[in-house]
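Here's the letter readout for the chains.
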Amino acid sequence: MSIVGALIVILALLPLGISGTYYMHVLILAFVYVVISSSWRVVSISGQFNIAIGAFMGIGAYAAAIPNVWLGWPPWVTIPLGAVAAAILGAVLAFPFARLRTIYYAMGTLFLGYVIINLITAGGKTTGMSTGLGGVEPLFSNRAHYYYLALGLMIVSMLCLYRFEFSRIGVRMKAVSQSHEVAASVGIGERRNRILAVAFGSFFAGLMGAVYCHYQGVASPSSYGLAATLWIIMYVLVGGINSYWGPTIGVGILLVIPEFFFRDLRGDLPYVTAAILLIIAFTMPEGIVGLLKLLRARVFARRRTKEEVSVDAP
Amino acid sequence: MLLEIKDLTKNFGGLAAVSDFSMDVAEGEIVGLIGPNGAGKSTVFNLITGVLPATSGTIVFDGHDITKKLPDQVARLGIGRTFQLNPLFPDFTVLENVTSSFDLHPRSTLFDIFFNTGKYRRNEAFIQVKAREILELVGLLDEVDELAKNLPHGHQKMLGVARALATKPRLLLLDEPLAGMNPGEIQDSLDAIRSMRANGITVLIVEHNMQILTLCDRVVVISFGKKITEGLPEEVRANTEVISAYFGTDYVC
Amino acid sequence: MINVVLLGVVYILMGMGFAFILNLLGIFNLAHGAIFVSAAYGCYLLVVKLGLPGFVAFPLTVLAAAAFGVVVERFLFRPMKADFNRTIMVCIALSTILVTTFNRFLGTRALSIPPFIPGTTGLGPYKVDTDRILAFGIGVVILVAIIVFVDHSRWGARMQAVTQNSEGAALQGIRFGQIAAIACAVGFGLAAIGGVFMGSLYNLTPFIGDITLIKVLMLVILAGLGSFNGIFYVGALLGVLYGALPAVLNGAVVDALASVLVLSLLVIRPRGFFGHE
Chain A
1 MSIVGALIVI
11 LALLPLGISG
21 TYYMHVLILA
31 FVYVVISSSW
41 RVVSISGQFN
51 IAIGAFMGIG
61 AYAAAIPNVW
71 LGWPPWVTIP
81 LGAVAAAILG
91 AVLAFPFARL
101 RTIYYAMGTL
111 FLGYVIINLI
121 TAGGKTTGMS
131 TGLGGVEPLF
141 SNRAHYYYLA
151 LGLMIVSMLC
161 LYRFEFSRIG
171 VRMKAVSQSH
181 EVAASVGIGE
191 RRNRILAVAF
201 GSFFAGLMGA
211 VYCHYQGVAS
221 PSSYGLAATL
231 WIIMYVLVGG
241 INSYWGPTIG
251 VGILLVIPEF
261 FFRDLRGDLP
271 YVTAAILLII
281 AFTMPEGIVG
291 LLKLLRARVF
301 ARRRTKEEVS
311 VDAP
Chain B
1 MLLEIKDLTK
11 NFGGLAAVSD
21 FSMDVAEGEI
31 VGLIGPNGAG
41 KSTVFNLITG
51 VLPATSGTIV
61 FDGHDITKKL
71 PDQVARLGIG
81 RTFQLNPLFP
91 DFTVLENVTS
101 SFDLHPRSTL
111 FDIFFNTGKY
121 RRNEAFIQVK
131 AREILELVGL
141 LDEVDELAKN
151 LPHGHQKMLG
161 VARALATKPR
171 LLLLDEPLAG
181 MNPGEIQDSL
191 DAIRSMRANG
201 ITVLIVEHNM
211 QILTLCDRVV
221 VISFGKKITE
231 GLPEEVRANT
241 EVISAYFGTD
251 YVC
Chain C
1 MINVVLLGVV
11 YILMGMGFAF
21 ILNLLGIFNL
31 AHGAIFVSAA
41 YGCYLLVVKL
51 GLPGFVAFPL
61 TVLAAAAFGV
71 VVERFLFRPM
81 KADFNRTIMV
91 CIALSTILVT
101 TFNRFLGTRA
111 LSIPPFIPGT
121 TGLGPYKVDT
131 DRILAFGIGV
141 VILVAIIVFV
151 DHSRWGARMQ
161 AVTQNSEGAA
171 LQGIRFGQIA
181 AIACAVGFGL
191 AAIGGVFMGS
201 LYNLTPFIGD
211 ITLIKVLMLV
221 ILAGLGSFNG
231 IFYVGALLGV
241 LYGALPAVLN
251 GAVVDALASV
261 LVLSLLVIRP
271 RGFFGHE
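Sequences listed follow chains A, B and C, in order.
The numbering of the first sequence is the working numbering, which starts it at 1 and goes up by one.
The numbering of the second sequence is the working numbering, which starts it at 1 and goes up by one.
The numbering of the third sequence is the working numbering, which starts it at 1 and goes up by one.
Just to be clear, a hint being listed does not mean it is correct.
[Stated by the list, open to error] Looking from chain B toward chain A, a few residues come up when the C-beta cut is under 7 Å (computed):
#, residue
1, Ser-101
2, Asp-103
3, Leu-104
[What the hints assert, rightly or not] Chain C stretches covered by chain A per the calculated footprint, using a threshold of three residues with CB under 8 Å from any CB of chain A:
#, region
4, 92–98
5, 146–154
6, 259–265
Derived by calculation from the structure, the hints in this document are not laboratory data.
Even for Gly, the Cβ is constructed at its ideal location relative to N, Cα and C.
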C-alpha cells in the first residue's frame, strides 16, 4: 500500500519536474489505458472474455463528441454523458451474450465490437464516418491540467474497481465464473451479474474514452476498433489477468517503457510484443505478476528450509 | 403442507422420465425418496428447483406455485439443494464456498456493498460467524482455508451440504448425500442431517443407500418415473420382498 | 451475380476451416484471419515476384499453409493445453508476426493477385471473368470433397466422434495427435484457399484478414455448435447479404445493416440454427 502511495505522490509531482510534453502525453495515455484495462479485467472476473471493449471506449467518445460538436454542450456535461451512455448500451448489448460460454462469448463480442464501429462509420455527417469527428472542444489549454485530470480520474476509478472486485459483488462475479449452476442454487443470477459486470466495465471505458476524445479534439473510429481492444487485452494478459495490479503493470511494460525509452524501435515494436506474448504464454501464463508471486514463494520456501535446518542442528 | 407435488410429468422427446408423480412433504419432516438408478429421482429434484421445465403438473411450495420458476427464484423462496455430482466453487476455499452462499440472507443491496455501509459490514460479520457455525455442524471447521478442489470426496459432499444450509432453506433437497462415503463419514452425515431437522429445516432426501431409512419419517418409492408406494420406513422395509422383486436383490441392504 | 456466389464460397471456405479447428480442438483461432491474408500475400509473391504460373503457385500456397498448420498445432497450440487465455496470446502473437512481416515486404497499399486465366468468357448474356468461374469451380470441388470427407470417410467419422464426445472417442482409440494435425492442416489450408480467392478477385490489403474473420465468426455461431453442414447454409446467406446489398445501397451502410441483421439472428437463436449439443 505504501508503495502505491509513494508512486501517486511521484506522479503528482512529475509535471513540475519534467519538461517535455511528449512524456506527459504518454503518461496521460497510460492513465487512460490503466483504467480501461483494469475495467476490462473486472469484466473478465465474471468469466467473460469481452472483445468489444474498444468499441465501448468509442461509444463513450462519440457520445461526448456528438453533443459537443453539434449541440455545443460543454465537456463537463458530455464526459459523464459518455460514461453513462457506454454503461447503458453496455448493459443492453450484453443481454444476448450473457449466457454464452467463454469461446462463443469471445466470438460474439468480437462481432459486436465490429458492428458498433460499423454503425458509427455509417453514421453520416453526424459521426463524421471513417474520417472521424473533429472539432471537439478541448477541456483545458494547458496539458498539465489534462495530466492532473487523468491522474485524478485514474485514482478514483481504480478505487471503484477495487471496491467492486473485493466486496461481495466480486464474490458473486467469481461465483458465476466458476459455476453458474451452483451460483444459481444460491440465488446468484448468472445473467444479472454478468450484465452488471459489463455495464460497470463499460462505464469506465466510456468515461476514459470521452476524456481522451476531448483531449485529442477528435473522435475517429480507427482508434476504437479491434486493434485497440487487442492492445487492452494484451496489457492485462502480460501484466497478469489474475491480479488487481496486473493491467497497470502491463500498461507500464507495453506502453510506457517502449514510449519512454525505445522510441526508435517503433517499427519493430510488433515483433517485440509478439515475443513477449509468446514468452508469457509458454512460461508464465499468469503474467508478470504471476512470475513475481512464483519468485516470492520460492524465496519463502528457501528461507523456511534454512530455518528448519538451523533449528534442528545441535 | 410445505411442499405439494401433483401429477408431475416430464417428457424428454418420446421418453417419459417422470409420469403423474404426486407426493407431499409436511414441515419438519425428513422424507426419503428412494428408487433404483434411472428411476427419475434426480429428475424430480431438477423439476422442483426449476433446472428442468415440467411438461405438466404442479409444484406448490409454501403456498407459491413454483412449477415454472427458475433456479435462483426457487432458491430465493427457500428451497436449498445439493447436487449428485456435487459441483462446488472449486477455486474458492471451504470458508469462501459457504460465505458466498449466504447471498440471500442477510441481503445487502448493491448500494450497501459498494459503499461499505454499516449494514453491509454487520451482515458480513454475521455471515462469517454463521458460516463457521455451519462448518462446525458438518465437521469441516479444521479445513476452512483449504481450496474446495483439494478436499477428499466425502468432505466435498459435506461442503455441498454446508453450502446449501447457508441459504437458510426451509426445505433442503439432498441428492444422494451418502454416495461415495465410508462408514465413518456416513454416520457423521446422518447425525448432521438430524441436527438440521432440530434446527427447523425440512429435509427431502434422494438416496440409494438404504441406511437412510433409519433417519426418515416417511419414505416414497419411485420407479420408471412413477410412484410405486409410500409409507413409514418399517412398512417399506417390510415390503422389501416386493422391492427386491421389482429392482433386484442388490438393492436391499 | 457470380460475385455474390463467389463471396459466399469464400466465406464458407473460411468458416469451414475455422470450424474444423474450433470443433475438433476447442480452440478459438484468432490468427485465422492472418493465415487468410498471409496466404494471399504469399501467393502474390510467388506469382508476381517469382513469376510462377498460377497453377503452380496456388497449390503450393495451400500446401504450405496446411503444413504450417500442422507445425503451429504441434508447437504453438498443443503446449497451451487448451487454456483459453494462453491460446489467445499465441494467436495474437502469430497474427502480429505474420501481418507485420508481410507489411514490411509488400507495404499496405491495395494489391491484386493477377488472374490465373485472363480474359472473359461468355455465360449466357453475361460476360464473366474466366478466373471467377475457375475459382468458383475449384471452390465447389473442394467443398464437395470436404463433405465427402466428413460424412463418408473413416477419418470423417472419427472427427465427428471427437466433436461430439472427446472422451468417448479417446476410449475408442482415436489418437488425438492425428486428428489435431488433420484439423489444423485442413483449417489452415481452407483459409489459404479462401485467401487466394479473395486476393485475386478483390483487393488485397492487410485488413481483409481480420474483417473476413469477424464476419465468418458470426457465420460459425449462427450455424450452430459443432455443426459443419450449417456453415453451408449460413455461409450462402451471408454471401448473398454482403455481396448483393452493395449493389443497392451505399457500402458502409450495407456493412452496418447486414451486421445488425446478423446480430438480431444471434439474439433470436443464440445456439445457432443447425448445431447439436
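Okay, the region 259–265 of chain C and chain A, do three or more residues pass the C-beta test at under 8 Å? holds (count 4)
Using the nearest Cβ pair, does Asp-103(B) come within less than 7 Å of chain A? Because about 5 Å separates Asp-103(B) from the closest Cβ in chain A, which is inside the 7 Å limit, the hint holds.
Restraint check, 7 Å cut-off on beta carbons, for Ser-101(B) near chain A: holds, 4 Å
For the restraint on Leu-104(B), tell me whether the closest CB of chain A is nearer than 7 Å. Status holds, d = 4 Å.
According to a criterion of three or more residues whose C-beta lies within less than 8 Å of a C-beta of chain A, is the region 92–98 of chain C covered? holds (count 5)
Within the region 146–154 of chain C, is the number of residues with a Cβ closer than 8 Å to a Cβ of chain A three or more? Coverage by chain A is violated for the region 146–154 of chain C (0 residues, Cβ < 8 Å).
In this structure, only the earlier hint numbered 5 is contradicted, and the remaining ones agree with it.
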